[in-house]
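Colleague: In case you want the letters, here they are:
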Amino acid sequence: MSAWISSHLLTFLVFAPLFWGLIVIAFPERLAPLARLLALLGSTGVFFIALIHLLRASPEYGALFDERIPWFTIVGLPVDYHLAADGLNLWLVLLTTFLTPLTLFGTWNSITKRAGTAAALFLLLEAGMLGALLAQDLLLFYLFWEAMLLPMYFLIGVWGGEDRKYAANKFILYTLAGSLLWLVALLYVASKAGSFAPPLMAQAVQTLPDKVQKTLFLAFALAFAVKIPLFPLHTWLPDAHTEAPTAGSVILAGVLLKLGTYGFIRFAIPMFPSAFIHYAQALAILSVIAIIYGALVAMVQWDIKKLVAYSSVSHMGFVMLGISSMTVIGTQGAMLQMLNHGISTGALFLLVGMLYDRAHTRMIADFGGVASKMPIFTTFFLIVTLSSIGLPLTNGFVGEFLILNGTYIAGFAWGRMIAILATLGIVLGAVYLLWMVKRVFWGPVNTDEDSGTAHLHEDLNAREIAVLVPIVVMIFWMGLHPQTFLASSQAPVEQLLKEAKAPAPRMSVMQVQGVKP
Amino acid sequence: MVEHAISSSAHSSLLWLIPFLPAFGALFNGLTGRSLKSNKIVDWIALGSVGLAFLLSVYLLLLLLGRDPVNRIVVQDLWVWMDLGSARVLGGIAANPLSWGYRFDALSGAMALLVTGVGFLIHVFSTGYMAEERKNGQYYRFMAYLNLFVFSMLNLVLGSNIVMMFLGWEGVGLCSYLLIGFYFDQETAASAGKKAFVTNRIGDFGFMLGFFLLFMLYGSVDFDTLMGMTRGLLARPEIALFGITHSPTWWFNLVGCCLFVGACGKSAQIPLYVWLPDAMAGPTPVSALIHAATMVTSGLYMICRMSFVYANAPLALDVVLFVGALTAVVAASMGLAQYDIKKVLAYSTISQLGFMFMGMGAGAFSAGMFHVFTHAFFKAALFLGSGSVIMACHHEQDLRNLGGLRRHLPWTFWSMLLATLAIAGIFPFSGFFSKDEILWKVFEGWWVEGHPLNLMAWSMGMAGAFMTAFYMTRLMVMTFWGDYRGAGHDPYGLRKPAENQLDHADAHSHSPREVGGNMWLPVAILAGLAVIAGFWNVPSSLGGSSRFSAWLDPLLFRLHPLAAHASVSWMEYALMVFSVFWALGAGALAWTIYGRDPTWSRAKTFVQRFPNLFRWVHNKYFVDEFYEAALIGPCKRLGEMLFTFDGRIVDGAVNGVARVLLVASELLRWVDVHIVDGLVNFVAWTLQQVSLGFKTLQSGRVQNYAYVMFLGFLLFAFWRFLA
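Same order as they appear, the protein sequences are chains B and W.
Positions 1 to 517 (this note's numbering) are the ones given, in order, by the first sequence.
Positions 1 to 723 (this note's numbering) are the ones given, in order, by the second sequence.
Rather than coming from a laboratory, the hints here were simulated on the basis of the structure.
Just so you know, even glycine gets a beta-carbon here, dropped at the ideal spot from N, CA and C.
Be aware that a few hints might be false.
Calculated lysine to aspartate or glutamate pairs in the DMTMM-like style (CA-CA distance at most 25 Å, straight line) [what the hints assert, rightly or not]:
| # | chain 1 | residue 1 | chain 2 | residue 2 |
| --- | --- | --- | --- | --- |
| 1 | W | 636 | B | 366 |
| 2 | W | 135 | B | 458 |
| 3 | B | 165 | W | 666 |
| 4 | W | 135 | W | 185 |
| 5 | W | 496 | W | 624 |
| 6 | W | 37 | B | 458 |
| 7 | W | 135 | B | 459 |
| 8 | W | 37 | B | 459 |
| 9 | W | 40 | W | 133 |
| 10 | W | 40 | W | 672 |
| 11 | W | 636 | B | 458 |
| 12 | W | 37 | W | 132 |
| 13 | B | 498 | B | 66 |
| 14 | B | 165 | W | 651 |
Quick list of simulated restraints, FRET-style, between CB atoms [unchecked claim]:
| # | chain 1 | residue 1 | chain 2 | residue 2 | range |
| --- | --- | --- | --- | --- | --- |
| 15 | B | 29 | W | 631 | 52 to 60 Å |
| 16 | B | 289 | W | 532 | 52 to 60 Å |
| 17 | W | 238 | B | 150 | 54 to 62 Å |
| 18 | B | 194 | W | 657 | 32 to 40 Å |
Sequences and hints are given; from them, build the entire structure.
Modeller: This is the structure we're talking about:
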């Protein structure tokens, strides 16, 4: 068995949660606790197997693991079952496998009805996310991309808050609408290339006229931008986050959003280098708008969860800004910021969930003086908040620092404005988060007996602390020694940008230089 | 000289311990303090770690002292923090990884000594001042925060590159936030903490702009590299960044101004000073350590560290000079009209920081730095002394409710008196040497080089110095002279008007007692330092050898080439004498108003005659209110607007599309029902009609069947017959 896993690690990573999830989903309602336990154990096992195998491999160059089998042919186009782990997705895969068991454990008692089914859906979701992260064949990626929507749709639609139907529909329709054009573009390029393999498709794109390239790129970008979500396509996110159960929010923020930025790095840039360079500035401007806009809107929220959701918009803006800077520093910063956001914002949602489980409200005005009632919880919340603000020593700072550094040296025509406004985002981040912390945690205890604070009777229990400690350790580890997480993507990112910036070999030297014969 | 200093560096494996010892203390106390039975262990860890760090700093400083002035540097790189490799910047391709490293040289070493030394004394003071917290289990938290602060501050001063400095810079901001808000269940403390953090972040915005620009100019953030490359960069005819081309000086000015915004935030200069008075909501040792002696001076330290930028940025220096002078006088004026003993000292701190910036702005980096040191001693002594007063009088901070404490708190009184003489600039106390040096350098800029701005700044500085002596005398007189007004004894009606019946001062009517030795001893030591510190930098005109300036000299870039100013030194003497009498005059004025006249009638008359002036000054010229109206309000409104935009426009569009789709599907349903289904129904209807016809055949009567059968037989027979 273990020999098989070593040689088919990636297949194992994708299908183990899938099969495990299918087993767990078959459990009857009365065995829900057992089902939940099995889901937790299964996902924990997947995490450790992934950790052991992926970290043992040397993370220097090229793919660490590669599995490729011809799968089937559709309208004459061969589709490969091609999974690979390399420097670009290594840590995202680990993040996914890390967050899933942590989330299940952290929200152990949050879901009361049909808990076993919900846990099973998490495993299916994990399978979909891992598949999408590992897929190297574009059609395979597309299949996983759409497949992971379904578990999330049900998680929001069945276990969500009051307005869950609207949020779930909005979530799935937004994303589907975004990926519709992408599918068309994808099939078009595939038909030109005769394959769904990105390198071949990239070559085929090079032969197309400029305008067509740009249009195709925009179709790709639209799908990814919805997922990130980039301004102005972000409005599904606050609704989805607010309505989703805690665990759903954690995974949504922690991993799902990253698929959008990951899609840019993995597919959009290598396939359409010149179009990406052409639109880089526009994307950077949208990112900066997202940073400022998300922060300003977060400032005036009265629901803590919605505030965190809007902060997500702001933080993902940083990630996209780093990518669109087209510099190694910026892109590396974006790679790190993806992990940061997964850890910090995921943890924030977990913490808000813990508060909600006790107080049954998330309204900022219902709290005040929480620190006096729950000192341990406050400590954790403060650490995570500071990491989200980007305080040095924590992960947030390193990511934002690298991204801003990349933005400054990117050489956008509007570079000054973009760089200054993005830096301003850091100030606003402190404002909205600390203002919220002040109103919720500090000050005299809210003595109104209907208030949320009045319902807080016990501090975090051992289970919750056990969930949060690894997160805090990660926050400081990534802040103190980010090289652990950056080293593996350094070479792939350099390679990616070098190839993207290399002039397309379309015209001969004579034509370029305009030498007259 | 600077170029030589950077070329040689020796390694010492002990350096990292200086910041990491307090970090360990913070970690240990923070994690285990809650479960520890005895606070003794907390004390040992907290004080021991800072004390050891202090001893280590002394050891390393002695090591440096034994070396040649240009070799006084110890560097230690611990690990690669971030890899900035292959960034294409002006200086080529940046190849140096950003390391987590420390650098102990004349400047940072002296600062480290100050931070750990004064820090240790304040830790000792805290063991007494925070004694109440031992009972309710918050003591360990306070000590952990203090240690964390020392760690951050040491990162700030010892960091070997500007990002490490920024790490400490933000770290001290965080500790300030945590410590101001230490009594987090009080609304004012919580708000003040948040305000401090956010205001500092606004400053940090400028700081970040500055260091990104530096990174683009140099391709490095390492102080050694920066200092070494400066000359080469200045030699360029012009530098193009962001598509704009300017002379190197222009860029240095820009960098200098950006970094100075950061300094304004951290060191509470106009216009970002508003957080410091509010920060007094924190416990008094915090005010002494963070908001007087160390953290607020980091802006000065930064400018001194970046002297390679500022020495080449004349415009930025002018800005520093002007802002410093303005702050020195404005903050001092606000200090005149405060009743809260800590608020007076807070404004005094802002004003003194302004003096230091004036020194920097005049290009006298070492003079500014020297005032950082003397100020750390006398202001820490004053703050801790005021803490003792507050403690002895049962948390009474209002000057009007104190008085006559000279007899009750002799140690505190004498310590604070010495510190007051120092801050007022009386010869031969330390403040005289440091402040006079600054004012002289500023004046010299006008006297020798003819900058009118310097004359203006000098006049403002002199006005500030006058007010300093005035409000300090006022504070001392109101606190220590006269009769104690806290024991129900208030013949002249001077007490603060009671806001409610539960004013707790009435509950404690017994007379105040001197605080314990762990509290007055640190104050006395600091006061002693405030007396003697001036002799470390006696100017040559008074027969000294400016040892402190000479010590820093190899690290500092100079604004102007050295020129001999010996010929004008009569002016220097004249100013010295003048400023001492000037300060004595201010003190005498305050004494006349508050000391000689126990009813303070002149002060009262003045307030009655100019009620609005007093109101404006007392309320800090309503700057807070201005910010609220001009910045915070609009920001929130913008947020609200954008949120509405999100809901109405963006979501409106989304929901609109959804609605269009719904309407379309409704239409389709109609088509379905009436046309498609109609067609289907039509077919069905036809079939039904047809089948109806057939239905008549199926009558169920045997005769009919027999009849049909017979007919069929007939037809069959007929057909067969024809065939």
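Colleague: Please work out if residue 135 of chain W and residue 458 of chain B have their alpha carbons no farther apart than 25 Å.
Modeller: Given that 25 Å is the threshold and the Cα spacing comes to 22 Å, the pair holds.
Colleague: Is the straight-line distance between the alpha-carbon of residue 496 of chain W and that of residue 624 of chain W 25 Å or less?
Modeller: holds, 24 Å
Colleague: Is 54 to 62 Å respected by the C-beta to C-beta distance linking residue 238 of chain W and residue 150 of chain B?
Modeller: holds, 60 Å
Colleague: Between the alpha carbons of residue 135 of chain W and residue 459 of chain B, is the straight-line distance 25 Å or under?
Modeller: holds, 21 Å
Colleague: Measure nothing beyond the straight line between the CA atoms of residue 636 of chain W and residue 366 of chain B; if it is 25 Å or shorter, mark the hint as holding.
Modeller: At roughly 20 Å apart (the allowed maximum being 25 Å), residue 366 of chain B and residue 636 of chain W satisfy the hint.
Colleague: Does the alpha-carbon distance linking residue 40 of chain W and residue 672 of chain W stay inside the 25 Å limit?
Modeller: violated, 84 Å
Colleague: Is residue 135 of chain W close enough to residue 185 of chain W, meaning Cα to Cα at most 25 Å?
Modeller: Status holds; Cα separation ~17 Å.
Colleague: Within a Cα-Cα threshold of 25 Å, do residue 40 of chain W and residue 133 of chain W meet the stated pairing?
Modeller: holds, 13 Å
Colleague: Do residue 289 of chain B and residue 532 of chain W keep their Cβ atoms within the hinted range of 52 to 60 Å?
Modeller: holds, 59 Å
Colleague: Sort out whether residue 458 of chain B lies within 25 Å of residue 37 of chain W, counting only the CA atoms.
Modeller: Answer holds: residue 37 of chain W to residue 458 of chain B is near 22 Å, not above 25 Å.
Colleague: Check whether the Cα positions of residue 165 of chain B and residue 666 of chain W lie no farther apart than 25 Å.
Modeller: Measuring from Cα to Cα gives roughly 20 Å; hence the hint holds.
Colleague: Next pair to validate is residue 165 of chain B with residue 651 of chain W; report whether the Cα-Cα distance is within 25 Å.
Modeller: holds, 16 Å
Figure legend: structure checked against the earlier numbered hints; hints not met, in rising order: 10, 11.
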